[in-house]
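Protein chains in written order, with my numbering: chain A, 1 to 105; chain E, 106 to 210; chain V, 211 to 574; chain P, 575 to 938; chain H, 939 to 1331; chain Y, 1332 to 1724.
Treat the hints as calculated values from the structure; they're not laboratory data. One or more of the hints may lead you astray.
[To be verified] Label pairs and their calculated CB-CB ranges: (1) V/Arg522 x P/Pro597: 30 to 38 angstroms; (2) P/Thr912 x H/Ala1194: 46 to 54 angstroms; (3) Y/Ala1365 x A/Asp12: 26 to 34 angstroms; (4) Y/Glu1346 x P/Lys674: 19 to 27 angstroms; (5) A/Thr43 x P/Asp800: 21 to 29 angstroms; (6) Y/Ala1365 x P/Asp800: 52 to 60 angstroms; (7) Y/Lys1363 x A/Ser35: 29 to 37 angstroms; (8) V/Lys433 x A/Asp12: 45 to 53 angstroms; (9) H/Arg1051 x V/Asp361: 32 to 40 angstroms.
[Stated by the list, open to error] Calculated cross-link-like contacts (lysine-lysine; reagent style DSS-like; alpha-carbon spacing at most 30 angstroms): (10) P/Lys583 x P/Lys641; (11) V/Lys369 x E/Lys153; (12) V/Lys369 x H/Lys970; (13) Y/Lys1363 x Y/Lys1394; (14) Y/Lys1578 x A/Lys28; (15) V/Lys219 x V/Lys375; (16) H/Lys1206 x H/Lys1185; (17) V/Lys511 x H/Lys1190; (18) V/Lys320 x H/Lys965; (19) P/Lys797 x P/Lys641; (20) H/Lys1199 x Y/Lys1578; (21) P/Lys607 x Y/Lys1355; (22) V/Lys511 x H/Lys1227; (23) H/Lys1227 x V/Lys277.
All of these numbers come straight from a predicted model, not from anything done at the bench. Glycine included, C-beta positions come from ideal geometry on N, C-alpha and C.
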Amino acid sequence: MAEFKAGDMVLDVDEDGFIQEPDKWNEKVAAALASGEGVDSLTENHWKVVNYLRDYYLKFGVAPMIRKLCKDTGFKLNEIYELFPSGPAKGACKVAGLPKPTGCV
Amino acid sequence: MAEFKAGDMVLDVDEDGFIQEPDKWNEKVAAALASGEGVDSLTENHWKVVNYLRDYYLKFGVAPMIRKLCKDTGFKLNEIYELFPSGPAKGACKVAGLPKPTGCV
Amino acid sequence: MATETVKRKTDIGPPHYEKFLPPIIKKNYGKWKHHEIVKPGVLMHVAESGDKLFSVRAATPRLASTKTLRLFADLADKFSGGHLRYTSRNNVEFLVTDEKQIEPLIARLKTEGYPVGGTGPSITNIVHTQGWVHCHSAASDASGVVKSVMDELFPHFEKMDLPAKLRIAFACCLNMCGAVHCSDISILGLHRRPPKVNHAALPKMCEIPTTVASCPTGAIRPKTVDGKQTVEIIEEQCMYCANCFTVCPAITLADAENDGCSIWVGGKVSNARHEPMFSKLAIPFLPNNPPRWPEVVAAVKNIVEVYAKNARKYERMGEWIERIGWPRFFRLADIPFTKFHIDDFKHAGEYYRRSAHIKHMPEA
Amino acid sequence: MATETVKRKTDIGPPHYEKFLPPIIKKNYGKWKHHEIVKPGVLMHVAESGDKLFSVRAATPRLASTKTLRLFADLADKFSGGHLRYTSRNNVEFLVTDEKQIEPLIARLKTEGYPVGGTGPSITNIVHTQGWVHCHSAASDASGVVKSVMDELFPHFEKMDLPAKLRIAFACCLNMCGAVHCSDISILGLHRRPPKVNHAALPKMCEIPTTVASCPTGAIRPKTVDGKQTVEIIEEQCMYCANCFTVCPAITLADAENDGCSIWVGGKVSNARHEPMFSKLAIPFLPNNPPRWPEVVAAVKNIVEVYAKNARKYERMGEWIERIGWPRFFRLADIPFTKFHIDDFKHAGEYYRRSAHIKHMPEA
Amino acid sequence: MADKKRSTPKLDELEKGPWPSFVKEMKQAAEKSATAADALGILERSYNDKIGHWKHGGIVGVKGYGGGVIGRYNDIPQDFPDVAEFHTVRVNQPAGWFYTSDALRKLCDIWERHGSGLTNMHGSTGDIVFLGTKTPELEPIFSELTEAGFDLGGSGSDMRTPSCCCGMARCEWACYDTMGLTYDLTMHYQDELHRPAFPYKFKIKAAGCPNDCVASVARADLSIIGTWRDNIQMNKDAVAACATGGKVDIGKDVVAKCPSKCMDWDGKNLSIDNGNCVRCMHCINVMPKALAPGKDRGATILVGSKAPIIEGALLSAVMVPFLKLEAPYSDLKELIGAMWELWGEHGKNRERIGEFIQRVGLGNFLEQIGLEPVPEMVTQPRTNPYIFYDVKK
Amino acid sequence: MADKKRSTPKLDELEKGPWPSFVKEMKQAAEKSATAADALGILERSYNDKIGHWKHGGIVGVKGYGGGVIGRYNDIPQDFPDVAEFHTVRVNQPAGWFYTSDALRKLCDIWERHGSGLTNMHGSTGDIVFLGTKTPELEPIFSELTEAGFDLGGSGSDMRTPSCCCGMARCEWACYDTMGLTYDLTMHYQDELHRPAFPYKFKIKAAGCPNDCVASVARADLSIIGTWRDNIQMNKDAVAACATGGKVDIGKDVVAKCPSKCMDWDGKNLSIDNGNCVRCMHCINVMPKALAPGKDRGATILVGSKAPIIEGALLSAVMVPFLKLEAPYSDLKELIGAMWELWGEHGKNRERIGEFIQRVGLGNFLEQIGLEPVPEMVTQPRTNPYIFYDVKK
Ligand code: SRM
Ligand code: SRM
Ligand code: SRM
Ligand code: SRM
Ligand code: SF4
Ligand code: SF4
Ligand code: SF4
Ligand code: SF4
Ligand code: SF4
Ligand code: SF4
Ligand code: SF4
Ligand code: SF4
């Protein structure tokens, strides 16, 4: 298992860089993960997406479907890609500390 | 709605003589209902069947299937008919104060 | 004929059929050679021995008074040595050995109002059920519809002028106490409103788990009303099948304006040529219009006529439609195709057309 | 050819096909008149203009090195004006206008190991998937089985000696990334043991609701292990489909001894004569026996031979079996019929024989 | 009973027309029976109201039996007191529905004494149906019936009255003795017929040949359909007579309609590829003098047909492709016993055996009752790969 | 890279025999690429172990796209470090899979620079598959591909790369321009192809005629199958030539095999009852010079086929019996839009559109997307009486 450094924290991540210790996620970790996904700094809009994803996940145990993400956050899909160039699944979910979305490949 | 007298109690019954106020059932009522089904006195064996039916009904909300009744009480089907000439459904269930079995006609 | 108290016998079963067989049948039992339809309603069976048995088939309304049964008994005594039988479709057959008795018997039956026919490529008696005469579940009357339809189709009972046998069935509710699910034409009574629950009565009368389990679409769930356990029905999920009603006396369904009949076509049970088939929906709903149900009668008649005109010899309704295709059937019979015709129950997807096999010139 | 940084383009789509069409096609696009198969592997299409296009079809292993692609490019330059295409079944076709080039091209292809054939009533390339070469889900290898089978059936690729087209497909797991569900013969890799759950890893890696929902038979339910949410699998309800594995990386399925292949027959997709049909189970299980899978090869070969010997001209596998009936197919192919052959999934009852239409003398 | 006569203008309409009128029958009965008169009255009410007036099914019966009577009460007893109770009695018909005039009269006697005088000849399942009586009449009816040699039919979760086509009594195509078998089974299973102990009803219908003149494939949990294993019997002269007689166009009417395309006719010779014949009866039906079922006769045993409630209607499915049927029918009884045992033990309340088999899977069902799976049981093998392998761990 | 060569005795067996060998291909690639060499090595290991060594799918990609790359890692990276990452890149093929030698070489150049040199020509969905590369190579591959005029295909819950038969490019039976349509749709739906936002994948396949040479009816959520509405075109002379030519026995090979039995051949004249023809193509297939599809051409639009997971495999079902297909294909796009909107809004995660339609019911689906129900959409009307009537209370 690979490791990932966020400040002074060291987290286990899988090959794709998804963290494996969801409890250790915090805002700093998010920022560090974000930089790996081509996001230099997390703006308010980034946080809107990230927080939405986390809340949804904690509530339902799954990541929301993308259409729902767009609808509920008000961002169009291309705007999500502008925020997270690697996209909602690989980018936003990773930053939000969710498990790796699967199946849809 | 017809009425049925058990000692000094008066109970509502339907056309087929099934009591409509399950909470009012008691051993006296049972005995009175039994006499209408050709059972002069309730022996231990009668009570075995009646109690089994009541317990089952209170636990599961339905009357047991007949095969189960036989298996669990140890009586063969013809023995049940000997105890309750009008049979397990019309006879025994009525005496036990269960709702009228339906559907199986 | 006084009622005397007799010793109680049980489990004796029905009388042995041999007691009731005419001598010619006893003699030739299992040794028949061939048969022919002498004329509509009259079958001749020839035995290996050369013996000939003539069966004269007369219509009955099925719902018969003892007076009529006594009449049949008298006729049997007079014309068929006291021997008669009923058919699997509720006609009566007089088992005649003396060929000369056939015509007088037919004439007499006609006078009495029990016409002879129903053999070969004809329309025979309608298999049917109780309706408002006896059943709690009926969404239409059985006997009235049957009488009205048969009055109209009567010529096809007396003549053998159809491409093949045409079997009609009627059932007054979805329990389908008849071969409605497998008939050339079926008339099926149905409800169209969700049941009403009597919450006061239900807890006293019903097994709640049985009621919940009875619903094919899972539209019923337990509910507490005024502190008592009862059930509620999710109306959008209900398709009015009445099964909950069957198991729970505290549920009611009948609705004078919304109950009525549906028409189904193309079922059969014989293995002749095509395997047995279910009936398929032709007309989703026609109103109950007693005493003569004109809409139902007209609809059935129309289908019979379109069939009679277009089908080939030996083609049962379902075989004919299979050959020409359902699109053409709907157009020929001038029946609108609606979303109700598209199955949406468990195996619905099995009946979507999953190929490009389409007849693109339906008017040809 | 150095890697230089280029401006980032997106959403440009594939190149327009016109750029790649040979002049004869551009000229006659949509104006072809008829065609014939000149010889196995060589199609001649004749345009209304009279122009003739010869397509020479060569086998490929689908898994191709760039070296081979370059070889094909070279051959195209030499023989077909630089023009070639691939087929929907992974063969390569050289688009020749100069009839004289056909034979030299065929000869050259043969030398290089890419034989010509696969047209008409033959066995063409096997549609297949990744197997152990690339996929995590594979219960068998794809390329190895395909190579082994095609080596054995090779004469039927080069000759058009079958009653009709015979299409084979391979998929390495129940995801069926190929037309395995609709092929004349299909080989399907499958697992036969319930998955194992890594309870330590699952809570970190998986969406539990997604995993629970993934199971077609409802064999998965949430469970707490060591205080953490995970799932358990009710082994008796599992039929090893791997769908839970697909959605949850903490679940594993591969089992060297119990994984293997099943054989299916009688599917097709064309609308020619019979509508498209699914493949049906012929052999429930054969072991993985790399590198040559002798049991699989023998089984497929046997079915091909029985078909070749018994089917009528133009009869695809499924049409032939439908005519003779499944009982006779199993007897002719000497394959035991078991309870595994009887469907027990959602629509199983639709495939019980619900008639007395039975061929009672199966040896005839 | 003229005081009971009510005005029935709607129903009167149904006395007109050529088809026999049930209203006439009801009026005839009403002349003698107050019950029949009220039955007529309440029916007219229904014709006006467009709804039935019968309340949810009652539960009445005779001693020692659990079935055979359908209890019925109306919802306006104040208006129609004589049908306040209006139960039907199901009487087990003789196999093949054969009667003598005496037998019929005996039934009439009993029924006129104790009921409305209205009958159904017959009910859909096959019983003689006595339509409309009161609870106190049940025991007398029963004892008089048994005295006359008749017994009750089934109702509730029991075996129902088996029924059959006339078979060998009259039909040259009967491949086994339908009436003999029906009588035998009815007598053998008296207990199962009279004392409901199954998960739900169980119906048996026996047809002598694949024409299935009792609709067994659609209306019986156990459908017994006669068939044969050897060649169709052919009388060449009769074939020739058919061809010249002009009534039958052998090519068009017979050969072209053969579902298995296993016949050939060159204008002179008719040949049948019997190995491919699916025993549909069509050719025999069309040329009854020329063709006949083979000599090696028996039946196909199918299981599970029923009406739609709850999982959708079912036709019966092949359980035994071919079974010789000769008294005492031990093989068949063994099969029935094994099926009842399994279904009885594991069937759910109100689950017909056809639904039960689908729920547990035909393969498992066969394994449990000890039958070998054969491909004749299915129209095709499975198409989905969801196979439950029995692999040892 | 000779040091990368490993012993592969099992795979070596698969170099023998007449069929082209994928092992030869892998060895060729391994000569130049360490990745290919390790791919060979790990495959040999699988041949010994009888299990695959690839770990559960990864998630990698290029910027701005959500699909097009399948991530892959092995479970024994210590032994096979050069395939520790072994992702595939799906490249959108040109419609009809036509190439020039130059185009092919350009693809080779890119792939040799940045990957294993192994390809699939083509993947099952239709893409060019570049088999095996590492994460850092993805961006360079992408930019070089786009520079060369190529783009990525689909993966994940997006529209997948549409594909089609060669159609009008070469085939006289094409009833519409399969390649033109495929290109048009691919370009029109670039966003849906590259940025997954559906409940699940959505595949489109276009076949020019009912022969369906791209297996669209079985392998596409949207299957477009060419057909015609008017009469089959017949060249009488060519029919005669067929009959005398000896290759075709018109009675046996053509007429007797017509599924709708709508043809007649008297030895001289062939006649077709076109109103009953189901457009199966068989007669045309057998006599391509004599018969041809009619002139009023278009396509049948079918929806919903897929592999078995989760509800069982489906074939596509008729949505529009006949649609004229001419650029800009507005009707078709409107239909696609309406279907995507409904499915997108109400489809469950990982629910293909075919499963969605079955769940909500075809009738309701049609109502929602605004299509009239027609009987051509079903093989038969419903048999069960479980009808949801829309009755006002
Ligand atoms: C009397 C009866 C049997 C009984 O024991 O009661 C009977 C008697 C005969 N049937 Fe039947 N069938 C009888 C109900 C049936 C039924 C059951 C039903 O309709 O519910 C069927 C299945 C119908 C279906 O498929 O839906 C039935 C399907 C046949 C067939 C097959 C017809 C077909 O082409 O599908 C034949 C063969 C024929 O008529 O050529 C047949 C043939 C016969 C023969 C010719 C057999 C014979 O040699 O005696 C008898 C005279 C037929 C006629 O009426 O033209 N019988 N026959 C039944 C008469 C009912 C009535 O009153 O009209
Ligand atoms: C090149 C290709 C289309 C493409 O754009 O790539 C193609 C080309 C032709 N097909 Fe095809 N078919 C091609 C895949 C298919 C498929 C798809 C598949 O197999 O996955 C099918 C459906 C198969 C199925 O039903 O399972 C297919 C079913 C047909 C049929 C119907 C055959 C039948 O009787 O069922 C015909 C008609 C015929 O052959 O008489 C046909 C006829 C043809 C014709 C004659 C059409 C023409 O006039 O050009 C072409 C030559 C056929 C031949 O090879 O004998 N093509 N054809 C595909 C070649 C695949 C290969 O490399 O072997
Ligand atoms: C009397 C009869 C109709 C008739 O007019 O002939 C009849 C009448 C009733 N049937 Fe039936 N069934 C009758 C033959 C049938 C048949 C036909 C057959 O047996 O060939 C069927 C369809 C075949 C089948 O068994 O599936 C049939 C399928 C039902 C069903 C649905 C059963 C199912 O599994 O789908 C029910 C509902 C139930 O059992 O709760 C039912 C229930 C009923 C009840 C008891 C109503 C109820 O829900 O409790 C009806 C009593 C009516 C009344 O008050 O008189 N009846 N019932 C038939 C019995 C007469 C006889 O014994 O000869
Ligand atoms: C590469 C390819 C196989 C090949 O060797 O050609 C492929 C490979 C995979 N498919 Fe597939 N599918 C491929 C065409 C198909 C097809 C055939 C088709 O498109 O015509 C099907 C059947 C048709 C269909 O769509 O239903 C197919 C049905 C599946 C399924 C089952 C989907 C379903 O709804 O039943 C899955 C499972 C999933 O989506 O989670 C799947 C999933 C996969 C995954 C991503 C494995 C997974 O579970 O995550 C495979 C990646 C393998 C790898 O590591 O390389 N693949 N997959 C094909 C795509 C290449 C291309 O883009 O051209
Ligand atoms: S069909 Fe329905 S209404 Fe009619 S008799 Fe049977 S249960 Fe009663
Ligand atoms: S009528 Fe049928 S569908 Fe409606 S609630 Fe009752 S059981 Fe369910
Ligand atoms: S069939 Fe299964 S194992 Fe093979 S490539 Fe597709 S998903 Fe992978
Ligand atoms: S392998 Fe398939 S059947 Fe088994 S638990 Fe997983 S999803 Fe369910
Ligand atoms: S089922 Fe067969 S044997 Fe019985 S009466 Fe009908 S035709 Fe005769
Ligand atoms: S019985 Fe039926 S299948 Fe057999 S030969 Fe006669 S018509 Fe054909
Ligand atoms: S599908 Fe039809 S148009 Fe396309 S290549 Fe095949 S035969 Fe030609
Ligand atoms: S296309 Fe098919 S259905 Fe139409 S005439 Fe030709 S063979 Fe018959």
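Verification of the hints:
1. V/Arg522 x P/Pro597: 30 to 38 angstroms: violated, 55 angstroms
2. P/Thr912 x H/Ala1194: 46 to 54 angstroms: Given about 38 angstroms between the Cβ atoms, the range is violated.
3. Y/Ala1365 x A/Asp12: 26 to 34 angstroms: At roughly 28 angstroms between Cβ atoms, A/Asp12 and Y/Ala1365 fall inside 26 to 34 angstroms, so the hint holds.
4. Y/Glu1346 x P/Lys674: 19 to 27 angstroms: violated, 33 angstroms
5. A/Thr43 x P/Asp800: 21 to 29 angstroms: Between A/Thr43 and P/Asp800, where Cβ atoms are some 40 angstroms apart, the hint is violated.
6. Y/Ala1365 x P/Asp800: 52 to 60 angstroms: violated, 42 angstroms
7. Y/Lys1363 x A/Ser35: 29 to 37 angstroms: At roughly 35 angstroms between Cβ atoms, A/Ser35 and Y/Lys1363 fall inside 29 to 37 angstroms, so the hint holds.
8. V/Lys433 x A/Asp12: 45 to 53 angstroms: holds, 49 angstroms
9. H/Arg1051 x V/Asp361: 32 to 40 angstroms: Because 34 angstroms falls inside the window, the suggested range holds.
10. P/Lys583 x P/Lys641: holds, 28 angstroms
11. V/Lys369 x E/Lys153: The given pair, whose Cα atoms are some 65 angstroms apart, is violated under the 30 angstroms limit.
12. V/Lys369 x H/Lys970: Roughly 37 angstroms between the alpha carbons, so the hint for V/Lys369 and H/Lys970 is violated.
13. Y/Lys1363 x Y/Lys1394: holds, 29 angstroms
14. Y/Lys1578 x A/Lys28: Answer violated: Y/Lys1578 to A/Lys28 is near 78 angstroms, above 30 angstroms.
15. V/Lys219 x V/Lys375: Not satisfied, since the Cα-Cα distance of roughly 44 angstroms exceeds 30 angstroms.
16. H/Lys1206 x H/Lys1185: Satisfied, since the Cα-Cα distance of roughly 16 angstroms is no more than 30 angstroms.
17. V/Lys511 x H/Lys1190: holds, 29 angstroms
18. V/Lys320 x H/Lys965: The given pair, whose Cα atoms are some 20 angstroms apart, holds under the 30 angstroms limit.
19. P/Lys797 x P/Lys641: violated, 52 angstroms
20. H/Lys1199 x Y/Lys1578: holds, 24 angstroms
21. P/Lys607 x Y/Lys1355: violated, 40 angstroms
22. V/Lys511 x H/Lys1227: Not OK: V/Lys511 and H/Lys1227 at ~35 angstroms, beyond 30 angstroms, violated.
23. H/Lys1227 x V/Lys277: Violated, at roughly 41 angstroms.
The structure fails to meet hints 1, 2, 4, 5, 6, 11, 12, 14, 15, 19, 21, 22, 23 from the earlier list, while all remaining hints are met.
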